[in-house]
Amino acid sequence: MDTKPTLAAVDDAAPLTQDELRELYSLMAAVRHLDTSAVAWQRQGIIPGYAPELGQEAAQVGSGYAVDKARDFVFPTYREMGVARAMGVDMVGYMSTHKATWHGGLYKPLESRFAPIQAVVAGSVLHAVGWAHGQTLAGLPAGHLGVALTYFGDGASSQGDVHEAMNFAAVMKAPVVFFIQNNGWAISVPTERQVAGGSVATRAAGYGIPAVQVDGNDVVAVFEATRNAFAHARSGKGPVVIEAMTYRRGPHSTADDPGRYRTLDDERIDAGEDPLERFRKRLLADGVADEAFIAAAHEAATAEEEAIRAGIEALGPRPGSEMFDLVFQETTPALESQAAAWREESEHV
Amino acid sequence: MDTKPTLAAVDDAAPLTQDELRELYSLMAAVRHLDTSAVAWQRQGIIPGYAPELGQEAAQVGSGYAVDKARDFVFPTYREMGVARAMGVDMVGYMSTHKATWHGGLYKPLESRFAPIQAVVAGSVLHAVGWAHGQTLAGLPAGHLGVALTYFGDGASSQGDVHEAMNFAAVMKAPVVFFIQNNGWAISVPTERQVAGGSVATRAAGYGIPAVQVDGNDVVAVFEATRNAFAHARSGKGPVVIEAMTYRRGPHSTADDPGRYRTLDDERIDAGEDPLERFRKRLLADGVADEAFIAAAHEAATAEEEAIRAGIEALGPRPGSEMFDLVFQETTPALESQAAAWREESEHV
Amino acid sequence: MSETITATRETTAAGEAPVQQLSMQQALNRALDEILAANPRTVVFGEDCGRLGGVFRITDGLQAKHGEGRVFDTPLAESGILGMSVGLAMAGFHPIPEVQFDGFAYPAINQIVCQIARMNYRSRGTLPMPITLRVPSFGGIRAPEHHGESLEALFAHVPGLKVVSPSDPHDAYHLLTYAASRPDPVIFMEPKSRYWQKGPVTFASETPDAGTAYAGAAPWAGLTGARVVREGRHVTLVAWGAMVARCLQVAELAAEDGIDVEVLDLRWLKPIDAPALVASVGKTRRAVVVHEAPLTSGLGAEVAQLITQGCFDTLKAPVERVTGFDVPYPSGDLEDEYLPNIDRILFGIQRVLEYRRG
Amino acid sequence: MSETITATRETTAAGEAPVQQLSMQQALNRALDEILAANPRTVVFGEDCGRLGGVFRITDGLQAKHGEGRVFDTPLAESGILGMSVGLAMAGFHPIPEVQFDGFAYPAINQIVCQIARMNYRSRGTLPMPITLRVPSFGGIRAPEHHGESLEALFAHVPGLKVVSPSDPHDAYHLLTYAASRPDPVIFMEPKSRYWQKGPVTFASETPDAGTAYAGAAPWAGLTGARVVREGRHVTLVAWGAMVARCLQVAELAAEDGIDVEVLDLRWLKPIDAPALVASVGKTRRAVVVHEAPLTSGLGAEVAQLITQGCFDTLKAPVERVTGFDVPYPSGDLEDEYLPNIDRILFGIQRVLEYRRG
Ligand SMILES: Cc1ncc(C[n+]2csc(CCOP(=O)(O)OP(=O)(O)O)c2C)c(N)n1
Ligand SMILES: Cc1ncc(C[n+]2csc(CCOP(=O)(O)OP(=O)(O)O)c2C)c(N)n1
Ligand SMILES: [Mg+2]
Ligand SMILES: [Mg+2]
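Chains as they are written, first to last, in our numbering: chain D, 1 to 349; chain Y, 1 to 349; chain C, 1 to 358; chain V, 1 to 358.
Bound conformation, chain D alone (with noise of 0.2 Å):
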């Protein structure tokens, strides 16, 4: 009852190369640019909101790095800009939501390998275990099963969803890992209020799951952590919770104001070093990367987040219309008839 469950070995543990220690910092630099930008948008009315990932960016990009395309799927909330950007989505496609074009985005969940943006909290949690265990029903050998990888918050943790998600995955050994962002704030509550004896990791072991707590702000630390638990579910051997300890530098999002619950020094104190700059120090400590480099990266991120913002700029609302053709595979007479009057209606307008 006390023994606490462990993670199998890995298969393949090589370290990371140069280049990926580079890739890596570039899509860091890729996420800050465009996440600090987006809040500049909505100051300038661009997007009517945005919930910023700020200080998230090497939770977000170490465990995105480690996804395989061809076979893993992943169940974001409405914060994993950085994920996405990580596994290559359409980033315009994506930030669309932040425009209120259409919930959920307008990239292709499917080809991403990134479901919709999910706005329930704790919404998607169970989606990815009945994927998950999708995969094992499908009899794919141990050691080739997709993964499932799903990201939800502290705050979320308090969910009855979670809950029932971790219990299922569990009995089910359905090959799932869990990633909670601990930002140390759901809104305007922080985690000792929220989380009952301090830490998520900490329960996966009542449910006999493996967990890590891990430097949510080391993107590599992330990276081998989620590289770890993939190789454990993949190999048929269940679920992995992996709660990555960072912490929310901005607003919840473009509508909150932080003052009124956490003070500067507070947000100083305890967000600890910048998750950006630390990396930028360790590439240089350790040759990986010169001063050229880093610059470099930054100017393509400063061009990436102008491309999409010119996308976002010239994105026009979707056609009514598609309020109705899209609610069925197989349309009803019934919302035919409204689609009609709606056509007509407007047409007066």
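Check before you lean on any hint, since a few could be wrong.
What the hints assert, rightly or not - Derived pair list, reagent style DSBU-like, types lysine-lysine, alpha-carbon separation capped at 35 Å: (1) Y:237 x D:4; (2) Y:237 x Y:4; (3) D:237 x C:316; (4) C:283 x V:283; (5) V:65 x Y:237; (6) Y:281 x Y:69; (7) Y:69 x D:173; (8) Y:69 x Y:108; (9) V:316 x C:316; (10) D:281 x D:69; (11) V:316 x V:283; (12) Y:173 x Y:108; (13) D:173 x C:65; (14) D:4 x Y:4; (15) Y:69 x Y:4; (16) D:237 x D:4; (17) D:108 x D:173; (18) D:4 x Y:69; (19) D:237 x D:108; (20) Y:108 x Y:4; (21) C:283 x C:316; (22) Y:4 x D:237; (23) V:283 x C:316; (24) Y:69 x Y:173; (25) C:283 x V:65; (26) D:4 x D:173; (27) D:173 x D:237; (28) Y:173 x V:65; (29) Y:108 x Y:237; (30) D:173 x Y:173; (31) D:69 x D:108; (32) C:283 x C:198.
By construction, these hints were calculated from the structure, which means they are not laboratory data.
Got chain D; can you put chains Y, C and V with the ligands on it based on the hints?
Showing chains Y, C and V with the ligands alone in chain D's frame:
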């Protein structure tokens, strides 16, 4: 992260007196007779259905006996007849539910300190947390807090509400005792396909909640575990989880056919010794009771069962007007007019 | 859109296709068996669905026959069952989950409303949700609390869901087969009080192709609409689920008094077959809607409004509703007081027949 | 039962009692402040309700003033919040929980429907549930998915619940105060798009006694019924929440064309003030119901049927419904296409005015 939360020392650890031990036996005998008779009543058409608690007498009587009716409150499921009896709930009122007289029972929950019978699996676990937090809010000094005792099964432990309840209770340090009767089955599903990790008690550590797993067929052990848990919660130290390991010796309900999912051999092996018989032997061996006492206890139990059956047989249906009158504290014109229509149309019948 | 099959169903079809007397439980069990055999992407699961075969035995024997991968027990958590269904559908499966009883669909409402009903829309049609959720529904069996609920008004209000309820074994077999072959989520409400009643089920001579089903090849014809189960001239009773049988009883009694009652089994509670309602009431000029659910904001209001909208000029009386009351579903002893009974339905008919403009 | 207060509300009441211009957010905040001060058994809680004062600032400053025991943050779990409310009510408290947004009430539906709505009944009146559940509701603010839902039809169908929605600051203040003083559960649906609009709030000269409220002492008079917000002769618009303001705009425009529109704010969505509906439409002989929720099985069907039932002889046209469509609430860009807009309401009016029996 790995230190197991522990129970506070118990204030009042006096062993049970011989009188008390004999009372426990009498209670268990009464419960056994009523329970097995209720199954017979169903076969005889006296009641439409019943969920027997055969084999769970020790878990139920031992825990119910620890309740302080002056200040505690109990939140049962549909299977806590033994707890009700141990607490002195009016048993005709209790059994009336199974006669289909009134959902929740005809006894008085506030006076009985026993909430209405709950048919939703895990439905009332959160109620216990709210009620317990109310004790804290009422400002009673530690050591004098009323404690909520909530019962649920191994199956119920899979519900999201149980997780939310444990987390809320731990965050709020609410005086709740979560009492799980792990009877091996949720209808046809055995614990090993239900409870990942194998034990509900193990999960408590993840919330920083102290937990004990107790031999649920040993009435004294159950009583002591419950008394200790009450002392902990009452002193303001927060919730406790007790998992009483027992066995559902009968069918899930009178509508169930266990032969479809377990063999009689399985039952014999898994059930272990009958808790009533086991306690009888112990009392005799310890010289606490003699055969005469045992015989008298069973005679009294038979008489009691007969009186309850007479009460149940005499119980007429409730007047239909109660359907309308008990919906609200303050009825509404719309409902009054429905009641009027009902009266008019049912007079013609 | 609607199909006219009167009480003589057996004789109508007997010439063309095999007919068997089955209970609704048997018809549903057989449909699931055939669905599992025909479509390797289907999976059947829920609480006690596997080994036990379901508390109502609807999935009896299916695990033994199709294996533990295709038919399985889940832990006891309805949100888990439905949330898992979403993920299975995203992985290309066709889940046929069960919620053990109507009242235990509530813990899953979040997953049903926010996820199952919206994933196709949210994903712009790229992640369809071919999920058929079976819910043993409605009352009448003297069961414990929360075992006699009618959730059709809730489900019918949710964009993205389709909702159907069969009233006899034939429809149970065909509607389930049909629902499970479609690419959209369907809430399949089984009238549990009718599980053990036998009736003729006409089978297709050959297995129909899923693609042609919507187009209307017999015996799939008319599966998407309401069904006139008894023709009549004076008043239309509209009902679904277990209330259809009760309305047929009422019609027999009314006939003794010379009142010729038409009974329309709505079958699809979303989308509602408005043309069938208008066709029937356009003829009878009077309508009574009967359902078990509470009156206020029940589906009867929608049905009544669709009738009024379509037959305003010809209606002789406002549509009557004979329904459960706005009270929690009561315990067995009061069940008959709560449910629309023959007398209350007859009173409803009387009111529309005797209505005179003031 | 219904109260006739036209747009001249300020002047009517100005002579007797103090009037202040407040936004609905301010009015609600003030009501909660006074409720907490007056009744030591009340507790206010939910996600971000304490320190932050709620994402809409409805509970702003209340924790600082009334303490962390009376006003507190919960973990992020709606079923937990509502389940906890049941237990607090059983312990004698008067919980005023908040669900952060309409769409996040779904995870709590099980506790709301099976527990809050039934505990009084189940316990035979011995465990009342004086719970006022505040739900920021409806759309119109270009918010993310699940932040623009209209759940009134679902709530109104549940026996044991009362449901109310204010349309202006005055009603917001008084209806919340009223709801929180009652012994039964009330779902309090706040039209979030109206939080920041100011309007006159007339306060009582002295704090009314809770017991007299139901009996009707001013300014509590008429709180239990609908309210005519604009009198008219040609057609009645029935609405609630944010749609009331839109209907008033429509009425202004229609007046330019000589059409005299009456606007009825339903306020109570359960129980519905049927006499007020019948009184208004009995006069105008035409009605259009307007709501944001999807059409099918929406509360508009119930309202329409109550009107038809009560005014069958005098109605000149079938009741029209101008509502959201049977589609998931769309993203901001399409919100104006989804919500009933001025034109669509005017078309609805035109249809009932131009209706001729065929
Ligand atoms: C079911 C549900 N309840 C409430 C909300 C409102 N809400 C959105 S985000 C949030 C906080 C989430 O915190 P956490 O899970 O820690 O994720 P983070 O925002 O920190 O990334 C809340 C309460 C929601 N979206 N869904
Ligand atoms: C929410 C909910 N889902 C399903 C059911 C149907 N049901 C009643 S009892 C039961 C099994 C419960 O098992 P457990 O919690 O172990 O308690 P036990 O019956 O063994 O005492 C089920 C599935 C229910 N009552 N409530
Ligand atoms: Mg967080
Ligand atoms: Mg059990």
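Outcome of the hint check:
Between the alpha carbons of residue 237 of chain Y and residue 4 of chain D the distance comes to roughly 26 Å, so the proposed pair stays at or under 35 Å and holds. For the hint linking residue 237 of chain Y to residue 4 of chain Y, the alpha-carbon distance of about 15 Å falls within 35 Å, and the restraint holds. For the suggested pair residue 237 of chain D and residue 316 of chain C, the alpha carbons sit about 69 Å apart, so the restraint of at most 35 Å is broken. The straight-line distance between the Cα atoms of residue 283 of chain C and residue 283 of chain V is roughly 31 Å, inside the 35 Å bound, and the hint therefore holds.
Note on residue 65 of chain V and residue 237 of chain Y: the hinted pairing holds, with a Cα-Cα distance of about 27 Å set against a maximum of 35 Å. Distance restraint check for residue 281 of chain Y and residue 69 of chain Y: the Cα-Cα separation of roughly 30 Å lies within the 35 Å cut-off, and the hinted pair is therefore satisfied. Straight-line distance between C-alpha atoms of residue 69 of chain Y and residue 173 of chain D comes to about 44 Å, which puts the hinted pair past the 35 Å bound. A hinted pair counts as satisfied when its Cα atoms are at most 35 Å apart, and residue 69 of chain Y with residue 108 of chain Y qualifies at roughly 13 Å.
Pair hint residue 316 of chain V plus residue 316 of chain C holds up; C-alpha atoms about 14 Å apart against a cutoff of 35 Å. Among the hinted pairs, residue 281 of chain D with residue 69 of chain D is consistent with the structure: their alpha-carbon atoms are about 30 Å apart, no more than 35 Å. Our distance criterion of 35 Å between C-alpha atoms is met by residue 316 of chain V and residue 283 of chain V, whose separation comes to about 11 Å. Our distance criterion of 35 Å between C-alpha atoms is met by residue 173 of chain Y and residue 108 of chain Y, whose separation comes to about 29 Å.
This hinted pair checks out: residue 173 of chain D and residue 65 of chain C have alpha carbons roughly 23 Å apart, not beyond 35 Å. Restraint check for residue 4 of chain D and residue 4 of chain Y: satisfied, since their Cα atoms lie roughly 12 Å apart, inside the 35 Å limit. With a CA separation close to 31 Å, the supplied pair residue 69 of chain Y and residue 4 of chain Y stays within the 35 Å bound. Distance hint between residue 237 of chain D and residue 4 of chain D is fulfilled; the C-alpha atoms sit about 15 Å from each other, no more than 35 Å.
For the hint linking residue 108 of chain D to residue 173 of chain D, the alpha-carbon distance of about 29 Å falls within 35 Å, and the restraint holds. Taking the CA atoms of residue 4 of chain D and residue 69 of chain Y, the gap is about 40 Å. The hint is violated against a cut of 35 Å. This hinted pair checks out: residue 237 of chain D and residue 108 of chain D have alpha carbons roughly 30 Å apart, not beyond 35 Å. Between residue 108 of chain Y and residue 4 of chain Y, the direct Cα distance comes to roughly 40 Å. Violation of the 35 Å bound is thereby established for this hinted pair.
Among the hinted pairs, residue 283 of chain C with residue 316 of chain C is consistent with the structure: their alpha-carbon atoms are about 11 Å apart, no more than 35 Å. At most 35 Å may separate the alpha-carbon atoms for a hinted pair to count; residue 4 of chain Y and residue 237 of chain D meet this at roughly 26 Å. Note on residue 283 of chain V and residue 316 of chain C: the hinted pairing holds, with a Cα-Cα distance of about 22 Å set against a maximum of 35 Å. This hinted pair checks out: residue 69 of chain Y and residue 173 of chain Y have alpha carbons roughly 22 Å apart, not beyond 35 Å.
Straight-line distance between C-alpha atoms of residue 283 of chain C and residue 65 of chain V comes to about 67 Å, which puts the hinted pair past the 35 Å bound. The straight-line distance between the Cα atoms of residue 4 of chain D and residue 173 of chain D is roughly 17 Å, inside the 35 Å bound, and the hint therefore holds. For the given pair, residue 173 of chain D sits about 6 Å from residue 237 of chain D by alpha-carbon distance, which is consistent with the 35 Å threshold. Proximity of residue 173 of chain Y to residue 65 of chain V is assessed by CA-CA distance (about 23 Å); at most 35 Å being required, the pair is judged to hold.
At roughly 30 Å between alpha-carbon atoms, residue 108 of chain Y and residue 237 of chain Y fall within 35 Å of each other, so this suggested pair holds. About 33 Å separates the Cα atoms of residue 173 of chain D and residue 173 of chain Y, which keeps this hinted pair within 35 Å; it holds. For a cut-off of 35 Å, the pair hint linking residue 69 of chain D to residue 108 of chain D stands: about 13 Å separates their Cα positions. Straight-line distance between C-alpha atoms of residue 283 of chain C and residue 198 of chain C comes to about 32 Å, which keeps the hinted pair within the 35 Å bound.
Of the hints listed earlier, those the structure fails to meet are numbers 3, 7, 18, 20, 25, in rising order.
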